[in-house]
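K.L.:
Since the structure of chain A is provided, determine the placement of chain B on it from the hints.
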Amino acid sequence: MGYYSSLLQRKFKDVVGKRYETVLREYGEFLLTKEEMVVPEIESVLLPLDAFATGIPDELVDVLSAYNATVSLTYIVDAQVYSLLTKTLDRDTTEEFRRKKEEHGRQLLDAISRRLENSGMTVRTRLFIGQKGDDVVQMAEEYDMIALSKRYGGGETETSSISPLALRICQRLSIPAVIY
Amino acid sequence: MNGVALIAIVVFLLTYILIIDERIHRAVAAMAGAAVVVFLGIVPWDSLLEHLDLGTIFLLMGMMIIVNTARNSGLFEYIAIRTAKFAKGSPILILVFFMLVTAVVSAFLDNVTTVLLLTPMLLYVASLMKLNPIPFLVAEIFASNIGGAATLIGDPPNIMIASSAGLSFNEFILNLGPIAAVDMVILVGLMYLLYGRTMKVTPEERQVLVKTLNGLDERAAIRDMALFRKSVIVILFVVFLFFIHDDIGAILHTVLPFVDPAMTLEPAEVALIGAALILFWSREAPEMIFEKVEWPALFFFGGLFVIVGALVETGVIAEIATFMISNVSTTGEAMIIITWFAAFASAIVDNIPLTAAMIPLIHDMSGTMDVYPLWWALSLGACLGGNGSAIAASANVVVLGIAEREGIAISFIDFLKLGMLVLVITVAVGLGILWMMYVV
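Protein chains in written order, with full-length UniProt numbering: chain A, 1 to 180; chain B, 1 to 440.
Derived by calculation from the structure, the hints in this document are not laboratory data.
A hint or two may mislead.
Partner residues aside, some chain A positions facing chain B, computed with beta carbon under 10 Å [what the hints assert, rightly or not]:
#: 1; residue: Lys11
#: 2; residue: Asp14
#: 3; residue: Gly17
#: 4; residue: Val23
#: 5; residue: Leu31
#: 6; residue: Asp62
#: 7; residue: Arg106
#: 8; residue: Gln107
#: 9; residue: Leu109
Which chain A residues face chain B? A few, computed with CB under 7 Å, are given here [as the list claims (entries may be wrong)]:
#: 10; residue: Tyr3
#: 11; residue: Leu8
#: 12; residue: Arg10
#: 13; residue: Val77
#: 14; residue: Val81
Away from chain A, derived, C-beta distances all over 10 Å, residues of chain B [unchecked claim]:
#: 15; residue: Val185
#: 16; residue: Val188
#: 17; residue: Thr198
#: 18; residue: Thr212
#: 19; residue: Leu216
#: 20; residue: Val328
#: 21; residue: Val397
A virtual CB, placed ideally from N, CA and C, is assigned to each residue, including glycine.
Isolated chain A (complex conformation) (with noise of 0.2 Å):
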């Protein structure tokens, strides 16, 4: 280090003190670092839905579209519930819920994708009967990020504005995700 060099640092302990670094950590609250001012390799994402997870805020979509990743939207219609009615009720109207709920999953995969192909992504649909933890955990595993909603599953309370089901996904992953 040159005189001139340790003469500016010196005189600048001497005027600013320690004041530089609390300016610093004040503006590190809201300013991003370098480090996350680079945008990650995301190619694929995963956006699953369902009957509780119906729509998705704008800042997601900005999100998303600042990766031009392909986008996988999934509904997936709760395999469980399917298997306890056709336990207790008759087949066709089994048939008619599992009807009812692949329509809705299909209209709202239509509203969902349209919205984010007219921002420019690339999306892929998928609807199927599944155990809705397992298969996301599971399906997670073939995409770089996950969108995931705080509404997934259902059963949020005042208390906790996650749902357990959404939680507990989230322990499992080991990919990165976006919780909206």
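P.N.:
Then chain B, alone, in the frame of chain A:
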């Protein structure tokens, strides 16, 4: 010259060398020098109290309390984000807006705090634009020093001059405000000429910048909305009081007949009233705010006053003044000498100790010539001389120190070349305006 005077000169020079080198904290160097002259009886207790300019020390203290309380609200970060957003992604506009905001804020609040809080935002915006941050940083330094020159409270040399010469806030605005305004226009033009061509971003980069900046929520920077509002109100009130501090008695007398119409408020009193008001109204913990008062800076000033007081007591200043008077026949000549000497000496010594030494000299010249214009000459030289080198003013040290910590090196010589160019142009223009006001 007797032995005592020689000791006072040696202490003065040694202290100034220590201040320039800063291996020992400047406050400690000044206090140690003061201790020597007090210990040797060169400055006895009664004189010490005379030489300690409490007007300067209390004004600085009051403004430090106001600024540090306001800082807790996130006011400066709010201003920084709003400024960045206002430029809508144009590098030139960012440069110009940050220069103007820095100049205006520096004119009314502490330069060090201003640049300390604006520089990280400037670096952030420059990194988003992928542009060389050096033009933005040097422009901020120059704007801070020029803006600070405009008012009584803008720069420590002005505070010291006003306190010692009894000059009012409005006199500073009338005499130095126009100079600062003209110099700012010149500086903007100069920065554009020097760096305008290099400040280009592609439409895509501009879009990313606008998107990122729009994503910043200036309201998120406000940590305490109630304190934010109170801070803005108190700062505006204090600035208003500064404008009327010389006529406060006449104004109050119209509503409160018992108030003496001849009463005035010293700038230091205004600052302390503002400090009391913001502490009382904000309910911020006073011990936390008092902790943030820059006591080393206040002791630095105190020490300097005593060391310079030793030169006064031993007649050294009077001898220099006599020499000056015998070689300078008119106020105009004295203006030229003081302005240029103060400007170039500030670039070497740091403008605060330089001003402390020059003030008693001008006082001593008052017997033979009109020194009123000389105060403006000193202020002009000392404040704008701060642009001359990397260590000439505190704002320079803060910005360049931050830059170095962030890996942006601006060499002493590189800064000197640009700083001297700005110094010569702005001081020449300022001196020209003063010349027209007082000599022609």
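K.L.:
Take a quick look at valine 397/B and tell me if its Cβ sits farther than 10 Å from every Cβ on chain A, holds or violated.
P.N.:
Check fails; 4 Å does not lie beyond 10 Å.
K.L.:
Confirm or reject the statement that threonine 198/B sits farther than 10 Å, beta carbon to beta carbon, from all of chain A.
P.N.:
Label holds. Min Cβ-Cβ 22 Å, cutoff 10 Å.
K.L.:
Identify whether the interface hint at aspartate 14/A stands, where standing means a beta carbon of chain B within less than 10 Å of its own.
P.N.:
Check passed: Cβ of aspartate 14/A comes within 5 Å of chain B, closer than 10 Å.
K.L.:
Identify whether the interface hint at aspartate 62/A stands, where standing means a beta carbon of chain B within less than 10 Å of its own.
P.N.:
Check passed: Cβ of aspartate 62/A comes within 9 Å of chain B, closer than 10 Å.
K.L.:
Are glutamine 107/A and chain B close enough, Cβ to Cβ, to be under 10 Å, as the hint says?
P.N.:
Violated: closest Cβ of chain B sits about 32 Å from glutamine 107/A, beyond 10 Å.
K.L.:
Valine 188/B: least C-beta distance to chain A exceeds 10 Å?
P.N.:
Holds: least Cβ distance 26 Å, greater than 10 Å.
K.L.:
Take a quick look at threonine 212/B and tell me if its Cβ sits farther than 10 Å from every Cβ on chain A, holds or violated.
P.N.:
violated (8 Å)
K.L.:
The output says valine 328/B does not contact chain A. Does that hold with a beta carbon cutoff of 10 Å?
P.N.:
Fine: 34 Å to the nearest Cβ keeps valine 328/B off the interface.
K.L.:
Can lysine 11/A be said to touch chain B, with a Cβ gap under 10 Å?
P.N.:
Because about 4 Å separates lysine 11/A from the closest Cβ in chain B, which is inside the 10 Å limit, the hint holds.
K.L.:
Against chain B, with CB atoms and a cut of 7 Å, does the hint on valine 77/A hold up?
P.N.:
Cβ of valine 77/A sits 37 Å from chain B, so the hint is violated.
K.L.:
With a cut-off of 10 Å on the beta carbons, see whether arginine 106/A makes it to chain B.
P.N.:
violated (34 Å)
K.L.:
Should the interface hint for glycine 17/A be scored as holding, given a Cβ-Cβ cut-off of 10 Å against chain B?
P.N.:
holds (8 Å)
When each numbered hint is compared with the structure, violations occur for hints 7, 8, 9, 10, 13, 14, 18, 19 and 21.
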